[in-house]
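Visitor: Work out the full structure: start from the sequences and follow the hints.
First to last, the protein sequences are chains A and B. If you're matching positions, the first sequence starts at 1 in the numbering used here and goes up one per residue. If you're matching positions, the second sequence starts at 451 in the numbering used here and goes up one per residue.
Careful: at least some of the hints might be erroneous.
Distance condition first, Cα-Cα at most 25 Å in a straight line; then the derived BS3-like pairs of lysine-lysine [stated by the list, open to error]:
#, chain 1, residue 1, chain 2, residue 2
1, A, Lys67, A, Lys194
2, A, Lys7, A, Lys269
3, B, Lys517, B, Lys537
4, A, Lys46, B, Lys791
5, B, Lys818, B, Lys863
6, B, Lys517, A, Lys59
7, A, Lys46, B, Lys822
8, A, Lys183, A, Lys134
9, A, Lys2, A, Lys185
10, A, Lys202, A, Lys71
11, A, Lys46, B, Lys672
12, A, Lys288, A, Lys269
13, A, Lys59, B, Lys818
14, A, Lys183, A, Lys288
15, B, Lys544, B, Lys560
Read the hints as simulated data drawn from the structure, not as lab findings. Small disclaimer: the values here were computed from a predicted structure and weren't measured.
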Amino acid sequence: MKNVAPKLTTEEYESNFAEIHPPFSPNSAVAEANRCLYCFDSPCMKACPTHIDISTFIKKIASGNLKGSAKTIMSSNWIALTCAKACPVDELCEGACVYNQRGEDPIQIGRLQRYAMDWYVDRGMPELFTPAPKNGRTVGVIGAGPAGLSCAAELSLMGYGVTIYEAKNEPGGLDTFGIAPYKMKRQDSLNEAKIVERLGVKIKTGVSVGVDISIDDLSRKHDAVFLGVGLKTPTALRISGENLPGVHDALRFVEEVTSRNWSSVQVGKRVAVIGAGNTAIDAVTEAKRLGAEEVMIIYRRSKEEMSAYEFEYELAKSDGVVFHFLTVPTRILGSSHVEALECVRIRPAASGNGENRALEVIPHSEFQIPVDMVIKAVGQTPEQSFFSQIQNLTLSKGNVWVDPETYQTSNPKFFAGGDCINGGKEVVNAAADGKKAARGIDHCLTRLTS
Amino acid sequence: MVDLSINCGGIKSPNPFWLASAPPTNSAYQVCKSFEAGWGGAVWKTIGEPVMNVVNRYGSMDYNGQKIIGLNNIELISDRPIEINLKEIAETKKLWPDRAVIASLMVESKRETWHDIVKRTIDTGCDGIELNYGCPHGMSERGMGSAVGQVPEYCAMITEWVTEVSSIPVLVKLTPNISDIRFPGRAAKKGNADGISLINTINTIMGVDLDTFELNPSVDGKGGHGGYAGPAVKPIALNMVSQIASDPEINLPISAIGGISTWRDALEFILLGASSVQVCTAVMHYGFRIIEDMTEGLTHWMEEKNYRRLDEVRGRSLACISDFGNLNLLYKAVARIDESKCIQCNLCYIACNDAAHQCIDLLPHNGKHQPKVRESDCVGCRLCFIVCPVDQCISMARIDGGSETLTWNELMKQMPQPVTWEALRQFQHKHGIEIH
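Guide: This is how it looks when you write it as structure tokens:
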């Protein structure tokens, strides 16, 4: 990299990456919990993909029954700590809170959930659930991300012997490696994996299925296999200069930052992030917080069409991120490293509407932006080479197809959930998928024998 | 122009707000500071017998994150010598001639002792005397405070000892720790009191620590009942004040005490017959400065309602107090939910379904559930109205037309006695009242 951003002091890094939503103090947690109306048939519970009984766990915080509160939370969601800190609550539970209708701030459900879960972790994660006696069947789970952990935990409670195979050296998937440090720490995700392990689940890290153990071996070894493998292949820009030093993949970059070795992460003085999803926002704000002087988002569509949530957009703007909408990168320029990004401006074509409307390049709109680093955040796709090893596995739009009721794939032995079936959604969706897939697995396996 | 001045049994003050005899009136420093803030009067912290306090004197009842909805104390009467208190009372009165300075007294039950303290008190130039017959802890075990207030004969006797030598007004402060407050009230009247102050604090144990099993507050491991005050006691005090105010045998001016934190609270007591009101817990929580809102809020209310003096409203709600037997059995109201305001929290539904009369249905509405009252089954209990968190969303609509009135007492005159379920059923049926 030609122009590397100067290193910051430890204090500056810590301040830049301090938690955006700090924990409640005990008094403020109780005060907030008591503000909850304890609705009957509460809309927050319906809005949560895992349907946590929110008003009940909140009332338990109010009464000082924090252990019971954590139990209520985890009986619906095993990825409760990550969800508490990384869920887009405005779009889900808090967005559904009846207080919004009264024109008042909704209950801070995410922070309250975090309060109960922090308490539980701080007390050494005492046992809350007793798995049923072993039923003699085993399930192999590929991937220790939120979908895999959630599926494994549910199955273990039902009496299944569960082994998770995880390619990385630590469990948690994107919860461990892909969430901005000002939202949560790696340790939070690792604690979640520990909770699942304590239910009797074996987690084998550093085991890459298809490399260290074949899919066929795994399939023979277990009564069912759950695919919670996420999206591995970064989408390429397919423009020249993409392989120049200084061009980075967003998830890799975010992963480096989650290590919290701030000064070891190389960041350019001027950074362009291509894409406008939530990962793009993480990458661009992190680049800024690591000391980049100029940070920008390059996005081919309009502001209204970007997939990043409004609060993420606001966060990026408050970090001084410049947004170039309706802008497409055409070349990455540089002799031995990234020096500039060439883009064109585009506009909606006269015909068509909505997502499918055609875009056209505005003639003679080419321009160059001098940059030192380009971060690609245009999405990931499932690893096709991996799925091709599974017989009769049907893909739908590049994702694994599953029966929406049972989460069974077209190969009856395989089930799937999380990003590899939905193309990349929230942690909480993966957690919900894993839970439902576990029930699907149980349903299919017991149906087979009964 | 609104005039807030009052006269309570001969004790005058520029506004009805007095500090109650309690920690905030422990010294001339405090009372003078409170007068500077605007308080109309102060009942000095009770002076009398030698006492010694313990440490950890207060316990708080906190609720749903709200601090001090109730406060209990095991503090005793003034632990400063009588001479100092009397000297400071005299100095304070001299500095603040327009404010009411009232000495609260509690000495052993001997005529001479009372005569002596009353005379010395009058010498300070203060405006009146309040007899503390209420302290429920510490002093009662020594035959004073509520030990007097709980026995009407003692109450009358000691009041007489005081009034026979007092040249200034005497208020008797009653304890609520008694089955019928009117008896000590009548005793005070018999002893020639000029007015009655009530209520003193209520016997309470504030709480038990779930780790140490000790009481809260704990004095080196031990505790006991204390005197309870603060916002939570207001309804009890309102009832007792109304009982004293409506008793034809008593007919004395009242200085009301019990959970008064705002001008609104004060007004409620005034509407039930109080001449002055006394405040302690709210000041212990927030300081003397709350007086600004109290006088201003009361003044604004009077202006808005076109009243000039508190005499015009004093006791106005007493006419609305009645025995159950005189309530109209034919008055009928049902709950109505304003769907445009409803936030679908459905607390009304679950309260009605589990704890009342199962007359609210949940109907599917835009992916949520909208509660709806089945009016034919609504008994008008008002529980849904109370649990609804939205202003003016649920209302109680009168549906009886208002032309007919029949009370239980009147009905019993019409019916064969003893009344039977069948006779009642016929009456209900005739008036369209269905009991499910």
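Visitor: Now, for every hint given, state plainly whether the structure supports it.
Guide: Checked hints:
Between Lys67(A) and Lys194(A) the alpha-carbon distance is near 17 Å, which keeps this suggested pair within the 25 Å criterion. Between Lys7(A) and Lys269(A) the alpha-carbon distance is near 11 Å, which keeps this suggested pair within the 25 Å criterion. Between Lys517(B) and Lys537(B) the alpha-carbon distance is near 36 Å, which puts this suggested pair outside the 25 Å criterion. The straight-line distance between the Cα atoms of Lys46(A) and Lys791(B) is roughly 21 Å, inside the 25 Å bound, and the hint therefore holds.
Distance restraint check for Lys818(B) and Lys863(B): the Cα-Cα separation of roughly 51 Å exceeds the 25 Å cut-off, and the hinted pair is therefore not satisfied. Between Lys517(B) and Lys59(A) the alpha-carbon distance is near 18 Å, which keeps this suggested pair within the 25 Å criterion. Distance restraint check for Lys46(A) and Lys822(B): the Cα-Cα separation of roughly 21 Å lies within the 25 Å cut-off, and the hinted pair is therefore satisfied. Only pairs whose Cα atoms come within 25 Å are accepted, and Lys183(A) paired with Lys134(A) is rejected, the gap being roughly 38 Å.
For the hint linking Lys2(A) to Lys185(A), the alpha-carbon distance of about 31 Å lies beyond 25 Å, and the restraint is violated. Pair hint Lys202(A) plus Lys71(A) holds up; C-alpha atoms about 22 Å apart against a cutoff of 25 Å. Taking the CA atoms of Lys46(A) and Lys672(B), the gap is near 49 Å; set against the 25 Å cutoff, the hint is violated. Using a Cα cut-off of 25 Å, the hinted pair Lys288(A) and Lys269(A) holds, with the two alpha carbons roughly 9 Å apart.
The hinted pair formed by Lys59(A) and Lys818(B) meets the criterion: a straight-line CA distance of about 22 Å does not exceed 25 Å. With a C-alpha separation of about 16 Å, the suggested pairing of Lys183(A) with Lys288(A) holds against the 25 Å cut-off. Between Lys544(B) and Lys560(B), the direct Cα distance comes to roughly 31 Å. Violation of the 25 Å bound is thereby established for this hinted pair.
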